[in-house]
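K.L.:
Here is what each chain is made of, one letter per residue.
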Amino acid sequence: MSDIFLEIDGKEVKATEGMTVLAAAQSAGIPIPTLCYHEKLEPFGGCRLCIVEAEARGWTKLVVSCVYPVEEKLIVRTRSEKIDRIRKTILELLLAHAPDSPALHDLAQVYGADKNRFEKEASFCIHCGLCVRYCAEVKKKNAVGFVDRGIRKEISFIPEIASKECNDCKECFPLCPTSYLQAAFVLTEALVFPSSSE
Amino acid sequence: MDIDRIDQIIDKHQVAASSLIQILLDIQSENHWLPREALERVGERLEVPSSRIQHIATFYKAFSLVPKGRHEIHICVGTACHVRGATRILDTVEEAIGIKSGETDLDLKFSLETVNCLGCCALGPVLEVDGKVHGKMSPVKTADVLKNYGTKN
Amino acid sequence: MARLNSPEALENFRQEILSKRDPKKPCISICAGAGCIASGADEVIAAFSAEIEKEGLQAQVDTKGTGCPGFCERGPVVVIYPEEICYLQVTPEDVPEIISQTIKEKKVVDRLLYEDPVTGERAIHESDITFYKNQQRTVLCNNIKIDSKNIDDYLALDGYSALAKALSKMTAVDVLEEVKKSNLRGRGGAGFPAGRKWEGSRNAPEPIKYVIVNADEGDPGAFMDRALLEGNPHSILEGLIIGGYAIGSNEGYIYVRQEYPLAVKNINLAIKQAEAYGLLGENILGSGYDFNVFVHQGAGAFVCGESTALMTALEGRVGEPRPKYVRSNVKGLWERPSVLNNVETWANVPLIINNGADWFTEIGTESSKGTKIFSLVGKITNTGLVEVPMGITLRDIIYKIGGGIPDGKKFKAVQTGGPSGGCIPEEQLDLEVGFDELTKAGSMMGSGGMIVMDEDTCMVDVARYFINFLTDESCGKCVPCREGLRQMHRILTNITEGKGEEGDIELLEVLSETAVEASLCALGKSAPNPFLSTLRYFRDEYEAHIKEKRCPALSCKELIAFYIDPGKCLACGICYKKCPAKAIDGGKKKIHIIDQEKCTNCGTCFEVCPPRFGAVAKISGKPVPPPIPEEKRIIIRKSKEK
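Chains as they are written, first to last, in numbering that gives the first Met the number 0: chain A, 0 to 197; chain B, 0 to 152; chain C, 0 to 641.
With the rest of the complex left out, here is chain A (with noise of 0.2 angstroms):
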């Protein structure tokens, strides 16, 4: 694997080819706020809350750093008035959704955003995918899955497999950043979990 360098924040880093842009920073200890990123796991791309500045042969984009490859050259930059601006009206859709978040509390106060911004809805799930993808990659339970599209996209569990698997695992409980999964769960186990006398 060939050696390749590039620039993050005026910093000189040493990555190697078919890393991610975000990978190397981390490697040189830059900071980039995720919500869906996981080392266990593919990157997934669907927060963006990772968007960097990429400037190659004179073009600048914005990219996603944790699904972006490294190239030769390329001058990254973590943090700029629009990727801020960007990154805060990201945390206030996810805010719209789970205002007593933890997770998305802390970077709020780094971004300035207003968990107010947006009218509240109804779900606090947030989509990072975080459990899914736990439970399909690492453990190969596919306990619990997306379902629908849009708008209306939400997580459900399998409940013939989340009966038998998962109170002896709960792995995933602890990466959800708004406990959804947790209320997901219950809800789940009370309402349609195959009854014990089967």
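Please note: incorrect hints may appear among the correct ones.
[Claimed, not checked] In silico lysine to aspartate or glutamate, EDC-like type, Cα no more than 16 angstroms apart, as pairs:
no., chain 1, residue 1, chain 2, residue 2
1, C, K498, A, E118
2, A, K87, C, E516
3, C, K556, B, D90
4, C, K264, B, D25
5, A, K140, B, D25
6, A, K60, C, E516
7, A, K60, C, E512
8, C, K617, C, E542
9, C, K577, B, E94
10, B, K131, C, D41
11, C, K132, C, E83
12, C, K408, C, E425
13, B, K140, C, E606
14, A, K81, C, E508
15, C, K63, C, E83
16, A, K39, A, E170
17, A, K140, B, D90
18, C, K617, C, E454
19, C, K581, C, D594
20, A, K81, C, E516
21, C, K23, C, E82
22, C, K548, C, E501
23, B, K131, C, E42
24, C, K581, B, E94
25, A, K139, A, D167
26, C, K546, C, D503
27, A, K139, B, E46
28, A, K81, C, E512
29, C, K132, C, D115
30, C, K577, B, D143
31, A, K152, C, D471
32, A, K87, C, E512
33, A, K87, C, E508
[Stated by the list, open to error] Quick partial rundown of chain A residues pointing at chain B, CB under 10 angstroms, derived from the structure:
no., residue
34, V131
35, Y133
36, N141
37, G144
38, V146
39, D147
40, R148
These are computed hints drawn from the structure, not numbers from a lab.
Glycine included, C-beta positions come from ideal geometry on N, C-alpha and C.
For this one, chain A is given, so just place chains B and C on it according to the hints.
P.N.:
Leaving out everything else, chains B and C in the frame of chain A:
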């Protein structure tokens, strides 16, 4: 729907995960909805986890996880039809049958859905009942079409 | 029927077909496309067969159900060859007259001809009709001449000669170079140079490659691909095989939306017929080149029209787009090089191979070569498919070809590019259509949808409509699109319902920037376009809705009231009878009054009030005048003489 029939449908395709959507389309077309047993059988034979089947069956609007009415009514709400007053056609149908878009009536006689374009844009507003397309609809013409299917009016 | 094992065998067979056809023999072509079928074409076709049998003319006259020529509003469309007499809105009852007058006595049935709405002139031939006269139908022209279910019709019109030429006289690289030279750009919306896309796949090291037809035409209001795939499926098939040959692929996929059942049926039949003739499958025309094609149906998801989402759907998964950092012509379907092009793009390929790249570059403009098919719909006199050379102005399309706005209404805007595009106002109508011009005005050419709007269309509602469409069709993976559209939809709905607030426009602009800059795919990135373009050209409408709670177009249900003008009402009683909410208080010779509490704003009274009275008015932004006192309601009949 019995397992044999489901297996027959599966076997008409390549028995691989990539055929999932085509198989479900065939089941939907024949049965007018996707019962639990069908989804389980397909998942078993194609070796696809239930969570993925569940996502696909809810992501794609061609599928229904609940029984549909004997008559499926689709109202096109594409832009050309919208500009020509599709909303009023929808209102007319909802009133005549007593259900809203996305619902099926209690007798399982009618199911109503909006569709995002049937490709008959020059004939807008367009109404489709059981696959038969009716163009140039107006509220009055809509009521007439529905009478053929026995609406109370 | 033995397989055709060489280009010579194909040519001989073609001559055989032609020798059995007499060009002078009368042929009645009835459009059997989805639009005309909806208008009763099946019954017309049956009526012709029955009448011809009754008159004993089976040997003298041919009839056939053909592909869609795109004049759907005037369907069922019937063209009689060899004279090319074009009859419109034909009913089964017209059939005996057509047979006796036109077929037997060579006389034209005037009342079935196209009548110019302005001059009143009747057009006898298809080519005389103003709608067709200004078009250049290089791709669509054969639709009305062929029975889409009969491959021989396609062969009779030189079908598959381009394939034979490519396989026998050109190398794969020759074909690629010709397509590059032609500057053919994708007709699906992005306008990427096809030759460059093909070259990327050809040069990719992975040996297994795919060619894909995107027939998921999801833009509401667009039906070009429906007409092409339904009406002339072999033209697309031929283009696809040539493309496969050029890049070195042996496997093709055609992804058709399931909302087009006739197109699915016809392409499947075309594939079977092509296979039987040896034009598909192993060793095509004895060239040693193998190619197979599979049809996949969509399952009702607009996002699957996006190329990377389409590929995940082909893999049997949910249609979630992937970022374009990895080009799909290098790593696409199953991580293999995949060339995905739109139906219309593929349909142009055989023409380019047969006529040459130079022929193609003569048509159109510097950056946009060739013709483009548009679907001209909405508030327009001549609705249908319009094929024109790039570079023609919007004004010419709408007025010269489209015949302008019907019912004496005023043009307001033309929406192009589907949910990714924007609205273009009157001042910009001299823009030339092409890949780049419309983008400067805040819209885009897109796949060709062109929806004309008049003074009765509320532009804020148009923005709300498109955002609503996308909240449902978004895959939901990324925050800027899913959550951004969710909030934009809420705000725009509030505005149309009179609940708009100061600061709403600015908030919508912030959400638009986020979606444009940070969305995962083109659906999200272009989602704000309808809002941004309507704001740019019709800001006054937004401000009226927010500040005055008024809808200038008198369209938004929550912001209008219906009012019967006491000065015009003559108590004919029609509105009273038709009102579904029984909200009208009337009576003989009594000026009718609408009870605003009961009124549901359905608009029925407005539609049924006879034009000579025109007593029902729509009011917005100001209070409804109070009902006139009872005594003033009695109508005293004016004396009959002047």
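K.L.:
Compare the distance between the alpha carbons of K139/A and E46/B with 16 angstroms, and conclude whether the hinted pair is satisfied.
P.N.:
Roughly 13 angstroms between the alpha carbons, so the hint for K139/A and E46/B holds.
K.L.:
With the threshold set at 16 angstroms, check whether the alpha-carbon distance from K81/A to E508/C stays at or below it.
P.N.:
Measuring from Cα to Cα gives roughly 14 angstroms; hence the hint holds.
K.L.:
Going straight from one Cα to the other, do K132/C and D115/C come out at no more than 16 angstroms?
P.N.:
holds, 12 angstroms
K.L.:
Can you confirm whether the C-alpha distance between K264/C and D25/B stays at or below 16 angstroms?
P.N.:
Given pair K264/C, D25/B holds - Cα atoms ~14 angstroms apart, limit 16 angstroms.
K.L.:
Are the Cα positions of K87/A and E512/C separated by 16 angstroms at most?
P.N.:
Distance of about 12 angstroms is within 16 angstroms: holds.
K.L.:
Hint check: K60/A vs E516/C, CA-CA at most 16 angstroms. Holds or violated?
P.N.:
Holds, at roughly 9 angstroms.
K.L.:
Would you mind confirming whether the straight-line C-alpha gap from K548/C to E501/C stays at or under 16 angstroms?
P.N.:
holds, 12 angstroms
K.L.:
With the threshold set at 16 angstroms, check whether the alpha-carbon distance from K87/A to E516/C stays at or below it.
P.N.:
Satisfied, since the Cα-Cα distance of roughly 13 angstroms is no more than 16 angstroms.
K.L.:
Per the CB criterion, is G144/A less than 10 angstroms away from chain B?
P.N.:
holds, 3 angstroms
K.L.:
Decide if the proposed pair is consistent with the structure: K152/A and D471/C, CA atoms, cutoff 16 angstroms inclusive.
P.N.:
holds, 10 angstroms
K.L.:
Keeping to a limit of 16 angstroms between CA atoms, is the pair of K577/C and E94/B held or broken?
P.N.:
Holds. K577/C to E94/B sits at ~15 angstroms (cutoff 16 angstroms).
K.L.:
If you draw a straight line from the CA of K556/C to the CA of D90/B, is it 16 angstroms or shorter?
P.N.:
holds, 13 angstroms
When the structure is compared with the earlier hints, violations turn up for hints 5, 8, 17, 35 and for no others.
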